[in-house]
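Between the sequences and the hints, there should be enough to build the whole structure, so can you do that?
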Amino acid sequence: MITLSNRNGLKSLPYKDKQLHEEKVFKDPVHRYVHVQDRVIWDLIATPEFQRLRRIKQLGTSYLTFHGAEHSRFSHSLGVYEIVRRIIGNFENRDDWNNDERLLCLCAALLHDLGHGPFSHSFEKVFKLDHEHFTQQIILGETTIHTILERVEPGFSQKVADVIDKTYEDKLVVSLISSQIDADRMDYLQRDAYFTGVSYGHFDMERILRVMRPLEDQLVIKSSGMHAVEDYIMSRYQMYWQVYFHPVTRSAEVILSKILHRAKYLFETNYTFKLQPFHFISFFNENVGLSDYLKLDESIVFYYFQLWQEEDDAILKDLCERFINRRLFKYIEFNPNQQMNEWMELYKLFQEAGINPDYYLEVDSSSDLPYDFYRPGEDDERLPINLLMPDGSLKELSRNSDIVESISGKKRTDHKLYFPADFLKRLSDDIPVKQRIMDLLNFEQPLEGEGEHAD
Amino acid sequence: MLTNHARLMQFFAAANEITGRKKLQKMIYILQHCNMPFEEKYEFHFYGPYSEELSLRVEELCNLGFITEEKETKSNYVQYHYQITGDGVDFLNQFHMDMPDMTEHITLLQRKSSRFLELVSTMYYFDGLPEDDIVRKIHTVKPKQKYTDWEIDEAFRFIREINPVQ
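If you read the protein sequences in the order shown, they are chains F and W. Mapped onto our numbering, the consecutive letters of the first sequence carry residue numbers 541 to 995. Mapped onto our numbering, the consecutive letters of the second sequence carry residue numbers 12 to 177.
Source of the hints: derived by calculation from the structure; they are not laboratory data. Heads up, a few of these hints could be off.
[Claimed, not checked] Simulated pairs of lysine-lysine, DSS-like, Cα-Cα distance not exceeding 30 Å:
1. F:LYS965 <-> W:LYS123
2. F:LYS665 <-> F:LYS857
3. W:LYS52 <-> F:LYS762
4. W:LYS85 <-> F:LYS951
5. W:LYS52 <-> W:LYS155
6. F:LYS668 <-> W:LYS52
Written out as C-alpha cells, the structure reads:
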C-alpha cells in the first residue's frame with residue numbers, strides 16, 4: 541500500500557487505516573456507547589444512504605401494538621457494528637483470526653441492512669422486491685457508500701457485498717453477521733426488547749462475547765458459556781412469539797398489504813388518483829430502480845396514506861383510514877387442516893354480503909424454527925452452534941443442553957383469520973347471509989383483538 | 012393465501028414423487044429461474060440457495076393432508092419422500108389456476124442428483140456474473156463439495172438445455 545507524505549513531510553496513513561483524531565461515541569440505550577475510531581466507518585455513517593435508515597422503523601407495524609417500538613434501522617445497524625467491534629476486539633491475537641479482515645467485518649456489520657425499505661415485509665410481498673438485492677445495489681452501484689468503500693481499496697465494495705450475501709470465502713467473517721448466534725440477532729433481540737418494553741429478550745451478551753472463540757472457519761462457544769447461550773436461544777423463542785408474531789401487529793400488516801394491493805390494482809385499471817402517486821409508480825410497474833427505491837421512506841408512505849383517505853375509491857379510503865387510526869381487523873384462530881371449507885364458504889358469503897373478500901378476509905400464518913442443528917444429508921442449511929469442550933473437541937449445542945434440545949428442530953406454525961368485525965356488525969339484519977357469517981366467525985364469543993391496545 | 016400453495020401442489024402433481032428436502036428446495040429454485048411463477052423467497056445459506064418460506068409451505072401442505080411426507084432412515088441420515096394425496100388432487104381440482112406446463116422441466120430435474128442440483132442452483136444464484144467468475148465463486152462458496160471441471164461443464168450444459176433463453 542502506498543503511503544503519502546503531507547506538506548510537513550509526515551507520512552499520512554492510507555484511507556483504510558485512517559483514524560479519527562478523537563474517538564467518537566454515539567450514546568446508545570442498549571450498548572451504552574457505540575465507539576467509532578475508523579475514518580471509513582465515520583464517513584459511511586454520514587452518507588445519505590445510511591442516514592436514510594433513520595426514517596425506517598426497525599419493527600415496521602409493531603409500534604401499533606407496542607407504542608415504544610419506534611426505533612429505526614439506523615440504531616440497529618450501529619448496534620450490530622458495535623457488537624462486531626467488541627467481538628473482533630476480543631479475537632485480536634487469537635489463532636484462526638485474521639486481523640486483516642477487521643475493517644471488512646465492521647463495514648459489513650454496519651451496512652448489512654442498508655437495502656431495507658419502509659415496512660419491508662409488506663412491500664416485498666406485494667411488489668415482489670427483495671431488500672437484499674437493494675443492499676447489494678447500494679453497495680455496488682453509483683452511491684456515496686460505494687465511493688467510500690472503493691477508496692479503501694479497489695474491489696473492497698464487492699467484498700463487503702459478498703460478506704452480507706454470505707458468499708464470501710472466509711466463513712468466519714460471514715458467521716459474525718449471519719449465523720445462529722450472530723451480532724445481528726444479538727442486537728435486534730435486545731434492542732427490540734428494550735423499545736417494546738417487554739421483559740423477555742434479555743440475555744447476558746457480555747458473557748457470550750467473553751466465551752466466543754474463532755475456530756478454523758466458524759465461531760464456537762466455550763462450553764462454560766453454554767447457559768448464557770441457552771438464555772439467548774430462549775429469548776429468541778420468546779421474542780418471536782410475543783413480539784414479532786403478535787396477532788395485532790399482524791393485523792396491521794394485513795391491512796398495510798391490502799392498501800398496497802388496492803392502490804396497485806387501481807393504478808393498473810387506470811383509476812385517476814386525486815394526486816398522481818409519483819413515488820409509487822415504479823413500484824406498481826414492478827420495475828423499481830435504485831434512485832426510486834431510495835426516495836421511498838416511511839414519511840412518504842404515510843403522506844400517501846393520508847392523501848388516500850380522501851380518495852373516491854371506498855376500499856382504499858377505508859383501508860388507509862384503518863391503518864392511520866389503528867382501526868384494525870379482528871381475528872379468530874384458524875386451523876387450515878380442519879377449516880378450509882369454512883374459509884371457502886366465508887369467501888362466498890362475504891361476496892354475497894357486498895364485502896370484497898380479497899381485501900377484507902385474510903388467513904395469515906406465522907412460523908418460527910427457534911434453533912436447529914445440521915443434519916447431514918437432509919439439512920435445512922442452518923449451521924449449528926458448537927460448544928468447545930475442555931478437551932478441545934466440539935459438541936453441538938442441543939446434544940449438551942436439555943433446554944435447547946427440547947425446542948430443536950421444532951417448527952411452530954400459527955394461523956389466524958382476519959376480518960373487519962365493525963363492518964360485519966353494521967350489516968343489515970335483512971342480509972340473509974349475515975347470520976351464517978356471524979356463526980362461522982363465532983361472533984357470540986368476545987373477539988380477539990377487540991380493545992387490545994397492548995400485549 | 013392459497014395461490015402459492017396451489018402452485019406448489021401443481022408441482023407435486025406433476026412430479027409424482029420427490030425424494031429429499033434438498034432436492035425439493037433446489038428444484039423449485041431452478042424452476043423459478045425458468046420463469047415458473049413460484050414466489051418463495053430464497054436466501055443464500057451456507058450450502059446454496061434455500062427458502063424458509065418453501066419449507067414452511069410444504070409443512071403446511073402436509074398438515075392439510077394434501078401431500079404426504081415419508082421419513083426413511085438411511086445409515087447416517089434421514090431422507091424424506093413427498094407425494095400428493097387424493098385430498099390434494101381434489102383441492103387442485105377446486106382451485107383453478109393458470110400455470111405453465113412444467114412437466115418436461117420436472118422430468119429433467121428429477122433425473123439429476125441433489126448434489127448436481129445444488130451446483131446448478133448455486134450457479135443460477137450467480138447468474139449475473141461471467142462464466143469464469145461463476146466457476147471461481149462455486150469453488151469459493153463450496154470448497155468442501157470439490158466439484159470437478161466436468162461437473163461444472165455439465166451444469167452449464169444443463170442450464171442451457173433447461174432454460175435456453177439464459
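Now for the hints, and whether the structure bears them out:
1. F:LYS965 <-> W:LYS123: violated (56 Å)
2. F:LYS665 <-> F:LYS857: Status holds; Cα separation ~21 Å.
3. W:LYS52 <-> F:LYS762: violated (35 Å)
4. W:LYS85 <-> F:LYS951: holds (23 Å)
5. W:LYS52 <-> W:LYS155: Distance of about 26 Å is within 30 Å: holds.
6. F:LYS668 <-> W:LYS52: OK: LYS668 of chain F and LYS52 of chain W at ~9 Å, within 30 Å.
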